[in-house]
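Using the sequences and the accompanying hints, generate a full structural model.
Protein chains in written order, with our numbering: chain L, 388 to 694; chain B, 388 to 694; chain X, 388 to 694.
One or more of the hints may lead you astray.
Just so you know, same-sequence chains aren't split out, so a pair can sit in one copy or run between any two.
Said to hold, decoys possible - List of simulated lysine-lysine pairs, DSSO-like, C-alpha gap at most 30 Å:
no.	residue 1	residue 2
1	626	560
2	647	690
3	691	676
4	611	516
5	676	552
6	495	626
7	495	659
No lab work stands behind these hints: they were computed from the structure.
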Amino acid sequence: MKLDRPYSINEIAEIINAEYYGDTSIQILGLNEIHVVENGDITFVDHPKYYDKALKSNASVIIINQKVECPLNKLIILSDDPFRDYNFLTRKFKPFVPAKQMISETAKIGEGTIIQPGTFIGNNVKIGKNCIIHPNVTIYDNVIIGNNVIIHSGTVIGADAFYFKRRPEGYDKMHSCGNVIIEDDVEIGACCTIDRGVSGITKIGRGTKMNNHIQIGHDTIVGKNCLIASQVGVAGVVKIEDNVILWGQVGVQKDLTIGKGAIVLGQSGVPKSIEGGKVYFGSPVQEAKEKMKEIAFLKWFIKKEHN
Amino acid sequence: MKLDRPYSINEIAEIINAEYYGDTSIQILGLNEIHVVENGDITFVDHPKYYDKALKSNASVIIINQKVECPLNKLIILSDDPFRDYNFLTRKFKPFVPAKQMISETAKIGEGTIIQPGTFIGNNVKIGKNCIIHPNVTIYDNVIIGNNVIIHSGTVIGADAFYFKRRPEGYDKMHSCGNVIIEDDVEIGACCTIDRGVSGITKIGRGTKMNNHIQIGHDTIVGKNCLIASQVGVAGVVKIEDNVILWGQVGVQKDLTIGKGAIVLGQSGVPKSIEGGKVYFGSPVQEAKEKMKEIAFLKWFIKKEHN
Amino acid sequence: MKLDRPYSINEIAEIINAEYYGDTSIQILGLNEIHVVENGDITFVDHPKYYDKALKSNASVIIINQKVECPLNKLIILSDDPFRDYNFLTRKFKPFVPAKQMISETAKIGEGTIIQPGTFIGNNVKIGKNCIIHPNVTIYDNVIIGNNVIIHSGTVIGADAFYFKRRPEGYDKMHSCGNVIIEDDVEIGACCTIDRGVSGITKIGRGTKMNNHIQIGHDTIVGKNCLIASQVGVAGVVKIEDNVILWGQVGVQKDLTIGKGAIVLGQSGVPKSIEGGKVYFGSPVQEAKEKMKEIAFLKWFIKKEHN
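Here it is in structure tokens:
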């Protein structure tokens, strides 16, 4: 998430009332989680296991819960609860703004695009040319949609990331300040959900076609010309490369890559990264031809032993 | 389901035109299925296998299809079709009332709660303080929602129980007169469905967080601070205790208990009750470490034998 | 799909500017894919593998990409891209017509039917008597619904078929000009999707009851008095015969038949046709009693060998 203008550390520290040290001349340009952080960004870290990663990242400002040496050209903000303070800042800079009407006045809708009745379009949404958005679709604030996109009824684009911190008293919600980008020529079926990035982007690549009841988690990037069948669930922070095919009811766990042109057969479960150009089956998946051989062998073996 | 005032057996018998005997002084306070029946309630039984259970239950009035001895302080209503007569009574006392507008005049909505456009709120719904109900949500009549609850778009709370009696000519629908209660601090993702109880309550406990496309069946009780990932399906009359975690696409069959703190890994199927405090995997589930060992052994064995 | 009146080959050839030969007196009555084609219809074929099937089918007119001998009483249209030309014709004769309001003026709604708020009803939809259509349902153009049908919130009837042709530059969408028919006494739960036929019909038979989050693909025929539990996914061109029961999260692949009275247990995957009157389990499915024996034997064997 980028800020509307550069901020000084004084301005930030006032908001969260925090102690800081390091290069106080830094211009603060954004807020981002560690895995998508860029130069000029604030990030946070609250576990010693990740201190080093955060301090060596592209982040210019690190909110941290222990006094550490400040790296060159960076700035440290000390906090007893970095998650709370980071969350407070993102809420402050990107608050939830209630809608005044079904289609926001601030939405920009391209020429030739048809918005059917009952569809909600949030603040600052951008939709390109010659799209059809069918009835009862929901597009949350700030979502960006390209040209020639078709979205079927009941689909929800840009709902919050499923991202919580466990506290002794219960789960603490991370405010989702990221976004969703749908590229040109994408078709999305009915009753799909594509969650926004936590602070980054969830993206559906050009020409990809999705059927119904599909879940795409936060910060997941789907490549170009993919085919995704009904009831597929993809968790957060997944990278699906171009020309991948996922058949019905496939489940994909978080934080992994599915290589270019891979085909995953129905009901399979993908627990870790898989190479492109191959066909997969099973839960957990393996190469389909291996899996089929195993199934056939086991059938033969059971018959032999059991009878 | 409770009635609006106590009724006499005369009033009830007139509605369904039935013969009755036993303690005719009983004040009738509600109607409930056998598994949630309370003192003062009418229940029904139409299979000899369950006669004894019904007669020994807390029900004050039993609609039954055979002349039996009436227990002390109870009342028997004779019927050639107890399902039909019980169903007729629940429809009579809790009829479906068509909505006049998108948000019912009889709904009570707490201070600070934001209702986004396109959201339907039925008759007598109660929503607490500081909730966000996103666009195009549907909340059926009588649903009760606590404070600080977030519900994302496309979600449907309080649709009818999936409960039918097989007749020679087809399925006969049981009228759903139960309800849904969502406690404080719950978050429900997009395109979820939480069905109402048949005559009792479906409940989501305080602090529980649910992702998208989740099905919660009628009369299921989800405990506090549970985490439920996308596309999980939980059937009816299930008890999920506190702090349970269900990962993506897990399926849970009806009428069982998942013990406190249990973790069920993605795509698993739970066909019977499982103890708390353990990690499970597979369809049908077993303890994850056992399942993993089995998978590894089979792989080794197949390799050895097959090559 | 049938046309509004008979067309001559001159009229058709002018639209797509094509060369033709054969029986030019043919009256053209409709457009249909090869698997549902009838006398008087135009169909298309673009792969030599299917030439013979198309030429011997009931079609009166075949759009084809190679000069072939024209069978008696038929007509050949030559095209360098039959998919493109067929698609062009279906779009021309059944274009997408944007809605003017939430309930189309051209929709016919029977006596006693209740349409709750937020529900979209497209052009030329027909709904019978005594139905309840709950809030925020979407019914696309031309869908036909019988009497005593209940449809719960969030459900989408008649969205486009998931049907694309792979081109070097990406997927080319087949225009869906088919329809959906819901027969009498059907109940459809919340957040279900029933896609329209590509050119034919998707049908839900009389008395069938469906729970929530169910996907029914294009041109699939579901028989009478079936029971379909939550999160079941059925692909396109499937035939489910009468009295079939599919339990939760079952997946059914395209182009197969499930025989009368078959019961498929939860989370099973059906990759090819299965006989009626039996109980099935597993992914891929086999008879449940066989599958259970296999699971038990493997457990015993692993225990014996592994310890």
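### Message
Need the list of violated hint numbers for this structure, in ascending order.
### Response
7
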